[in-house]
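Chemist: If you read the sequences in order, they're chains B and V.
So the first sequence is numbered by numbering that gives the first Met the number 0: it starts at 0 and just counts up by one.
So the second sequence is numbered by numbering that gives the first Met the number 0: it starts at 0 and just counts up by one.
In case anyone wonders, no lab produced these hints; they're calculated from the structure.
Just to be clear, a hint being listed does not mean it is correct.
Said to hold, decoys possible - Distance condition first, Cα-Cα at most 30 Å in a straight line; then the derived DSSO-like pairs of lysine-lysine:
| id | chain 1 | residue 1 | chain 2 | residue 2 |
| --- | --- | --- | --- | --- |
| 1 | B | K84 | V | K445 |
| 2 | V | K363 | B | K84 |
| 3 | V | K149 | B | K84 |
| 4 | V | K146 | B | K24 |
| 5 | V | K445 | V | K363 |
| 6 | B | K84 | V | K147 |
As the list claims (entries may be wrong) - Which residues of chain B face chain V? A partial, calculated answer using Cβ under 10 Å:
| id | residue |
| --- | --- |
| 7 | A8 |
| 8 | L9 |
| 9 | I12 |
| 10 | F14 |
| 11 | I89 |
By construction, the Cβ of each residue, glycine as well, lies at the ideal position given by its N, Cα and C atoms.
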Amino acid sequence: MIPIEYFLALSGILFVIGVIGVLSKRNAIVVLMSIEIMLNAANINFVAFSAYYGNLNGAVFALVSIAIAAAEVAIGLAIIMNLYKTRDTISLDEINLLRW
Amino acid sequence: MMDYGAIYPEIILILFAVAIPALHMLIKSSRALAGISLVGIAASIGMVVYYMLNGYPSIIGNPDAPLLSFDALAAVFSLVFLSVAFVVVLASARYVEKDRHLAEYFTLIMMATAGMMLVSSAQDLLTIYIGIEIASMATYALVAFRKKDKRGSEAAVKYVIIGGMSSALSLYGISLLFGVTGTTNLIGINAALASQGVDLAALMALALLLAGFGFKIAIVPFHMWAPDVYEGATAPISAFLAAGSKKMGLVVLFKVFIVGLIAIKADWDIVVGIVAVLTMTIGNVIALSQTNMKRMLAYSSIGQAGYMLMAIPLATVVGDYAITGGIFHIITHAFMKGGAFIVVAAMAYVAIGESIADYKGLGKRAPFMAFSMTMFMFALAGIPPLSGFMSKVVLLSASVQAAEVTQWMIWLGVALVLNSALSLYYYVRVIKYMYVEKGETDAKIKVPVTLTAAIAICLVATIGLGLFFDPVLELCSEAARTLFPALGA
């Protein structure tokens, strides 16, 4: 069996990649993809811990969160497309009508 | 056979929510659709009240590790969310009549409310997460409701990205917590943490959960999205976000921190305390310089969220009394902030701008609107005998009580008082514009009756909760006790 630390390292690396992506990328779709990487990092954790403890709660949580992530992408892409229609851009740097 | 009584209020709401788009094929009038939604919301309120009078339904899930339990806390918060939804739908009946996709608008409001109610009765991180996501996704779409509106679509993109990031952070926190304790049930997590103590992974989970849920409530330093979204969304939706969605985040924090993480309170009480003080101070200070009404109200909600957050560190010392204050402030804030946003909506409907300067001479032009706005502003600032005063008093006395045991907690009370004084400046500025400054014209403004009715409900609640607070406070205290099973609910 693969030791649990390997899974944790993988999920940790994925999570950090996701956070860096969200913070540094300016394209809304790439940011959405980075968020997905973060969500999947959490799913790896759930499944790994679920196997480690031998209870299925974590696996169920991972399944539910995959479904939710799919819904989130659907609505996120729809909203980004709407932005493209009204403003002709999906760059987060160029949307600045609202500021203090 | 499993008894699903605990989710009947949500089921009623969802049935109506899915029926409305179908009915839209037959009925075109926005007023009729809003009427049907109001019936659905009222039916759900009836179900909640029935449970409050006749005893609560059995829990869903394993008795040792419940998934959902409709208890006093869930009942109180369900009533708050449902009344906010009721007021918002009532105000929207005329507000959105010229828009397309009316049916979806009402459906989404009811779906979001159902998600929030699910959160309020959740006892497991799984159900909390599902509830949050149902409510969040519905509100993402609501913010983007006016598809042609440039500011609305910008606000929706910001909201969706921040919301997605916040749920990713909290999900990673949940997964770490699951790894540390081997369960996702709040009571189980607490028991496991109490027996095995704190390690680095638990602290990381704590930080991620605070950040993830903090984004939802817009606590400092995770608040930058809130003013943009509240300004870009249509005004009734801003009311819904400030009065409903934000309160959902607070219920989550109450549940997660007081039920799930109380065993390791020594590791988080001061952090949450500092965050609360920062939130109220920064929210109020930035609100001082705002000239857009919605933006000012958004910053003021950030400040008010700080007052509610204060209840969590205080609860580690004085227990249910602090949470009682927190819940009472959540209730009063829902009505005063909701009402203020709906006045802004009414003004937007009659084509008066959103800038504070546009409200000049409103006292003459629309006496009822100006009077209600004055009451909401005074209540938000905490002037007696309005509701905002009473809830702040409870929080303040909790902080004085807590200071007898833990000295630094007096500073939470001091910050509350100083911030209330500071906030008076920008609240009163609105009143000055409405009554003292002379407007360009004296023409009377005619506001549709549904908007007036929605404002009247908020006004009655704001004044009534300030004068007759005893029964409500009793209810809040009963609700708060359910978070502390050791006290005996």
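Chemist: State the violated hints by number, sorted upward, taking the hints as numbered earlier in the document.
Modeler: Those not satisfied are hints 1, 2, 7, 8 and 9.
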